[in-house]
Structures are given as C-alpha cells and as structure tokens.
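For reference, the chains in residue letters:
Number of protein chains: 2
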Amino acid sequence: MGEFELINHYFAAAPCAQGGEGVALGIGDDCALLDLPPGEQLAVSTDTLVAGVHFPTVCEPLLLGQRALAVAASDLAAMGATAIGFTLALTLPDVGPDWLGAFADGLSRMAQRCRMSLIGGDTTRGPLSITVTVFGRVPAGQALRRSGARPGDLLCVGGTLGKAAGALPLVLGEREAPAEQAEPLLAHYWSPLPQLELGQRLRGHATAALDISDGLLADCGHIAKASGVALEVNLAQVPVSPALQAFLGPDGARLAALTGGDDYVLAFTLPAAALAELEGVELHVIGRVLDGQGVTLRDAQGQDITPAQRGYQHFRETP
Amino acid sequence: MGEFELINHYFAAAPCAQGGEGVALGIGDDCALLDLPPGEQLAVSTDTLVAGVHFPTVCEPLLLGQRALAVAASDLAAMGATAIGFTLALTLPDVGPDWLGAFADGLSRMAQRCRMSLIGGDTTRGPLSITVTVFGRVPAGQALRRSGARPGDLLCVGGTLGKAAGALPLVLGEREAPAEQAEPLLAHYWSPLPQLELGQRLRGHATAALDISDGLLADCGHIAKASGVALEVNLAQVPVSPALQAFLGPDGARLAALTGGDDYVLAFTLPAAALAELEGVELHVIGRVLDGQGVTLRDAQGQDITPAQRGYQHFRETP
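Same order as they appear, the protein sequences are chains E and F.
Under my numbering, think of the first position of the first sequence as 65, with each following residue one higher.
Under my numbering, think of the first position of the second sequence as 65, with each following residue one higher.
These aren't lab readings, by the way, just hints derived from the structure by calculation.
Treat the hints with care, since some could be wrong.
The list treats identical chains as one, so a pair stands whether inside a single copy or across any two.
List time: in silico SDA-like cross-link candidates among lysine to any residue, alpha-carbon distance up to 25 Å [stated by the list, open to error]: (1) Lys-289 with Val-235; (2) Lys-289 with Arg-352; (3) Lys-289 with Glu-104; (4) Lys-289 with Gly-83; (5) Lys-289 with Ala-251.
Source: prediction; values computed, not measured.
Take the sequences, apply the hints, and build the full model.
Written out as structure tokens, the structure is:
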C-alpha cells in the first residue's frame, strides 16, 4: 500500500467517515452513494483553500481542518439546505502523522457540529491545498436563492459582522491583543459556525439569501444584482461584536463589518410580515430593499455615505 | 469584479455550463441544485490532478481539460452510473485568456461526450492543480461495487490495456515514436473515454467492477480484497493494442498492460451465464474468480508467473 493509500485509509477511519443519514455508501469504492428523500433536491458547493493565500502556511492543522469544512458548509446554510456529507481533496507536502491526526480531528469536530459525513476524497503530493465539496438536501423548490428579493422587503443578517477580518492581523502575527479581544475573533476566524439551522428556518420566509464571504457590502451587491433591486444598508443597525470594537475602535470595527470577508454569516431579505413567524431566531434588520439597483449605505442621519465600489476588495485573497 | 470572478464568469459561459438533464440550478448561486429521479441514488467521486505529479507542467490546456474530466467521470462508469454533472476547483498560476479558453474547450468537449454539465466551482491563485468532483445517478441498489465477485465468476476487462503507461515516455518527451504508434497512445493518455455505456450495460450482470487506474494487477487486488476472493489472470488473454506492441515490443507491452496505471478501462466480474445477455458489448474475458485471496498471474501453459507484490507501483505518481 502506497503512502497516499495509507493516508486515505487514515481518513477513512476518522469519526466523520463512519457514515450517517443519507449516506448509502461511504469511502472505499469508486464512488460514494447518497440517498435523497423523495421530493428533495441535492445542493452542492465546492471551495478551495490554498496555503499562503487563504490561510497562513504555518498554522494549527486542527483549526485548519475545522475552517476548511466550515467555509464550504456555509454555502449549504445559505441555500437553506440540511447537510449530508462532503468529499475532501487534499494536496499535501510531506507532513507527519501528528499533522494528519490533528487535521482529521478538526474536520471531524466540524463535521459533527454540522451533522455531515466524509464520503470520499483524493490525496496527492504538492503544495498544501484543500478542496471540500459539500452535499446537502433541500425540499424541491424551497432552496434560498439570491434572486428573489423584492422592493419592500427587509434586509437582515444572522449575527455580528467583521470578526474574521478583525482577526486577520492576529492570524498573521502582525498585531497582538488582550485575550478577551483576541479569543472571540480568532475563534470565529478558525471555526466559523455555518448557520445551517438559521438557513433551514428561513425556508418559506426569506426571499433571497447568501452567506457573507466577500464582505457585507459586496455580498449585498450580489443579491441586488441577482434580484434586480436596490439594497439600502443602515450603518447604525449593522451589528458589531464588542470584542471587535474594543480591538479596532468604532471606526475600524465598522469598516471591518462592512467590507471584511470571511464572515460566513447569512444575509437575507424577507417581507416584514415574516418577522412574526421567526420569533426566537437571531436576526438583525439592517436595511431594506428598494426599486433600482446597487447598494447604498446610509448613516444614522440618513446621509448617503456609500464608499466607492472600488473600495470593496476580497480580504480573503490578501493574507 | 476581481480577476477570479472574471474567470468564474468565463467558465460559467462555457458550453458545458449551460445546464442539462438533472441540473435544476447551475453556476451562480451559493450551491447548485440537482434533481434525482425517484428510486435513484446519487454517485459522487473526487479526483485531483497536480501539475508535475499527474501531468507535465507544460502541456496543452485543451488536452488537460479533457483528461481532468475523463479521469473523474471514469469513476461514475465504474459504478454503472449515468453522468449528470461536475464541479471544478481550479488552482491557477498567472495564465492568459488563451490558456483558459483552450482548457474550457477541452472540458466542454469531454463533458459533451459524457453528457454532463459544469454546475459549480472555485478558482484560486496557486500552483496549477485541478480537482473535479463528478455526480451521477444510478437505480437504488444497482450500483456496481467492488465487493460482489463470487468464486466461479469470469474476470473481464472492457478494452485494451497499457496504452496510457506506454504513452508516458512520449508525454514526457523522453522518447519518440512514428505517428501510427504515437497517436493512439497519446490520444488515450490525454483523452481516455470513460466507459459509461459499458458500466450501465453491466448493471444487473456484473458482480464487481472498478476502473483500472493503478494498473490491472493492482486493481484486481482491490476487487479480490473487497470481495474476499482470489482472482486469476491469464496473461495470454489480456488485450494489448497493436500500437502499444509496435512501440514497446511484446514484453514491454505486456508489462504496461499488467502494471501500467491510468487505463480507465473497466475491470469486472460476472457469472458466465451473463455473457449471452451482453451480446454486442466489447468485453474480454481475462481470467476467473476462485476461492482464496490475492491475484495470481498465469502464462499460456498455466504456470504461476505472478510478480512480487512490491512490483506494483503507481505509474500515476512517477512522472
């Protein structure tokens, strides 16, 4: 048995590879087989993380395993899907069993939180790179798309924004912060929790949804474009975590919340009447949908303070 | 729009990305959505090709696009599945529009042959690497597994073997050959045709199947192990192409056919009674299934000429 076959057997023995609901056949044959309940559709998404581009080349493999799966599973949340499983394509330099064990542990922890199984993969030699393809199920016709926002809808997000962007200088070792500031930011960066339950609750209520990966304003632009509407964001309503405010100050925290990537928090639109049916769900109304196009940012006085479009850059590609 | 968003739009415009049977939602949202007919299961497989490991760093992007999809789709053939679609995770160095256009063209050509659609993907900066995840459908319980071979079954393959291994010195520029030898070998290396129709015909007949990627003897070992049986291969019955024999001579051709990787031809077992029902299907009986374990190779006189197990190495990881 070759080195990579050994590694594949190693992953096949991980807790997350022991099958689960919807997995008819897991690792070990030419394909995995999934069962889909009648009346449901399969949701699929692929994400690649490259060392030195999407995460620092030197990092904790356990954290990396958690993050790689979380980032991909967040796309299932954005569609309102229930997670089933994932495949892992791992390109590896020469790493030892400690690295592999910790990485598989991180994967398994996140898989358990998301209730999904590792169903297949491929391991090759090369510069460290991780491609995760996730699978979920959603009742036919009920997936949350980007294209259904209607004028009059409210614009909402599922949690505080900017933490991952705020964490970046800590991740890169460029800055330090007291533990009470650093810990929540780093926890969010390395282990964002895909909002799967929120996505499922929004089915039948939200008119459009996505997960914020490029930054709030850029991603609102995606909804606006796909739906053929304008979105208005009220800066004073955008939720920012206390740790981020303490670390970056109010202005820096606001900028991170508006333009920072990697939040993996859902942004969505819904009619105001839906709020009553979503009692108990954490959501923050931050604006509204209007006729027109593009995204407008307004301050507490209602002034248009929209930054130039060129200001929105991928944080995710800058490390 | 960033460079990679442009590239993703470029792929979204490729002929293979225009949807097809079973694709409810293609590229452009957080997930793609697939429909599965009632009573069918989804088959999933992932393959990564890394430049300098699985193909030469300098090569024709059109051929690379064809090969990347063919290698992955071959796993669907091995399960007896009907192809639906694939996702593409592409890690790219700085390449120009000519490269991208030719690569997308190669993908589209193979996608058309396999009747499958590009349904999503991710593009990142880094050393050239291609991860393709393929999706197919197969009637529930009818997928061809590796584990069902029974003593008394015949061992068969779906075509001539060794061409890709024979092509390797040509691909790497280490040797030259006259066109009538080189062309069929290079065609098979760069554009192996996944045996999807054969796999589908074998449903309900074959007791075990896989696609030969590690080499005939190594892959027969996988069937033997998964099924808990012994396999006997008769060297004289192993089909070898005339071009390969002319290029490598009879001994070299035989070695390539037995141990060369990357054939992507199906190997399968079936009861002799099934042959009558498979009239018109290209298949070559090369041996039989016995009680016991492991793989035995016999010459025309019935002598055991099995090479030492250590002799089976991945051609796929040596370039």
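Status of each hint after checking the structure:
no.: 1; hint: Lys-289 with Val-235; in the structure: neither (33 Å within a copy, 46 Å between copies)
no.: 2; hint: Lys-289 with Arg-352; in the structure: within (15 Å within a copy, 61 Å between copies)
no.: 3; hint: Lys-289 with Glu-104; in the structure: neither (28 Å within a copy, 36 Å between copies)
no.: 4; hint: Lys-289 with Gly-83; in the structure: between (39 Å within a copy, 21 Å between copies)
no.: 5; hint: Lys-289 with Ala-251; in the structure: neither (32 Å within a copy, 44 Å between copies)
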